[in-house]
Amino acid sequence: MGTERESGAAVAARGGRRRKALPVAGAAALIIAALIAVSQATGAAAPPDPYAESTWAALELPADVYGPNAVSGRYGHIQADADTGGYLDADFTADPDGIAPYLPAALRQAQISIHTGSGESATARATLTNLTFRVPAPAKGGAAEVITQGGTPAGGLYRVMDVANVQNYVQCNPPAAPIVQANTNADAITVFGNPVAVDGTTAFEVPGNYSGDTDTVRVTVNARYIREVAGQQARIRIVLDVSAEALRADGSVADQAQLYALTLGDVYVDCDGTPPVDPTPTPDPDPDPDPDPSPSTSPSPSASPSASPTPRPRPSPSFSPRPRPSPSPSPSASPSPSVSPSPSPSGSASPSPTESPSPSTGPEPDGSGPVDGDGDSGGLLPVTGMDLAALLGMAVVVLGGGAALVVLARRGNG
341 MGTERESGAA VAARGGRRRK ALPVAGAAAL IIAALIAVSQ ATGAAAPPDP YAESTWAALE
401 LPADVYGPNA VSGRYGHIQA DADTGGYLDA DFTADPDGIA PYLPAALRQA QISIHTGSGE
461 SATARATLTN LTFRVPAPAK GGAAEVITQG GTPAGGLYRV MDVANVQNYV QCNPPAAPIV
521 QANTNADAIT VFGNPVAVDG TTAFEVPGNY SGDTDTVRVT VNARYIREVA GQQARIRIVL
581 DVSAEALRAD GSVADQAQLY ALTLGDVYVD CDGTPPVDPT PTPDPDPDPD PDPSPSTSPS
641 PSASPSASPT PRPRPSPSFS PRPRPSPSPS PSASPSPSVS PSPSPSGSAS PSPTESPSPS
701 TGPEPDGSGP VDGDGDSGGL LPVTGMDLAA LLGMAVVVLG GGAALVVLAR RGNG
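Read in order, the letters of the sequence shown are residues 341 to 754 in my numbering.
There could be a bad hint or two in this list.
Below, a list of computed lysine to any residue pairs in the SDA-like style, where the Cα atoms sit at most 25 Å apart [what the hints assert, rightly or not]:
(1) K480 with D429
(2) K480 with D590
(3) K480 with E545
(4) K480 with G459
(5) K480 with Y427
(6) K480 with D527
(7) K480 with G438
(8) K480 with G496
(9) K480 with P493
(10) K480 with D502
(11) K480 with D389
(12) K480 with Y406
(13) K480 with N525
(14) K480 with N409
(15) K480 with D431
Hints in this document: simulated from the structure, not taken from any laboratory.
On a predicted model such as this, the values are computed, not experimentally measured, just so you know.
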């Protein structure tokens, strides 16, 4: 009898301990779940990989002017992210788009560098000197005849523009604001022998022996030195759109043509992790019908870091993301086309590394220190990771659960 009563008491005691253990186990599970959530939130707040891209030149010769000699592409292109890293140079021996013959120059450089881990940063630069831009003869008459009337014959092509120097450099090095630097002389660009504004619109007339009732062609050069900074992204480039209008004796327009669109020194870095849109220029389909005929040789004030600094009503490149290049397929996989045409293989395994300044300094190509030093501010840094209120809520849950666990454990021992 006594044994049966003792067995009943023991069973009741064990049941009570189980009932007390249930809240303890629940509190422990809650704490573990909160800790896992905090760990995942911490991982989500990790900074993205840095990215850098440099394109020495991108050219568009429209088909309606050049016929079978029309081209569109870029030359001297290099890009990299944290997976490739290091210091990389563009391969100027590669020219899949066939535009190198039009762009002879004394110096051609397109370089990028990526640093990961402590002191994460990305830099990109593009440099040219003494570019003598040439185009083929036009496949049509009218305004396009200015190429042969105003250009200089050169090896079966016509020399239509000279650029003395362009040196563009960008850098992102969080948490500091990105650096945007440019060094191009105010009189660096001439078109048909006429000096034009480096950042602005210039118009001039080229007399000649044109067909039809035209004796003069008015050339308009729309040059834009575009600087863009947003968060930890920075980009700079020169975009040149050149158009022509054949004028009758009374000044009316008999014909018009878009001669070429050329982008020089397009450099881009991003420590937020978003590559830019394709920098290949697009000709202006509707050149201004009546630009100011008086030439202007003084550059306009520097463009502000805005996504739409163009003086004409046409869309300008922005920071809209495009997919990064996908990893190369395994030997057993079928080949797939690349993301975008690139004259030089990006992230090649055999680029010759070149020495580049440390992330904290600007370009020093001639030992004179950083170029003009017009670093633009990147504004406030973007917010990343979890919301502060969510983190505080998790902290309260962890602390409250811990306290409940201690109290329940003591009661269980009582």
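Here is what the structure says about each hint:
1. K480 with D429: Violated, at roughly 39 Å.
2. K480 with D590: holds, 23 Å
3. K480 with E545: holds, 20 Å
4. K480 with G459: At roughly 56 Å apart (the allowed maximum being 25 Å), G459 and K480 break the hint.
5. K480 with Y427: Outside the cut-off at roughly 45 Å; violated.
6. K480 with D527: violated, 31 Å
7. K480 with G438: holds, 22 Å
8. K480 with G496: holds, 17 Å
9. K480 with P493: holds, 18 Å
10. K480 with D502: Status holds; Cα separation ~24 Å.
11. K480 with D389: violated, 49 Å
12. K480 with Y406: Holds, at about 7 Å.
13. K480 with N525: violated, 34 Å
14. K480 with N409: Distance ~12 Å between K480 and N409 Cα, so the pair holds.
15. K480 with D431: violated, 35 Å
Taken one by one, the earlier hints fail for this structure at numbers 1, 4, 5, 6, 11, 13, 15, listed in ascending order.
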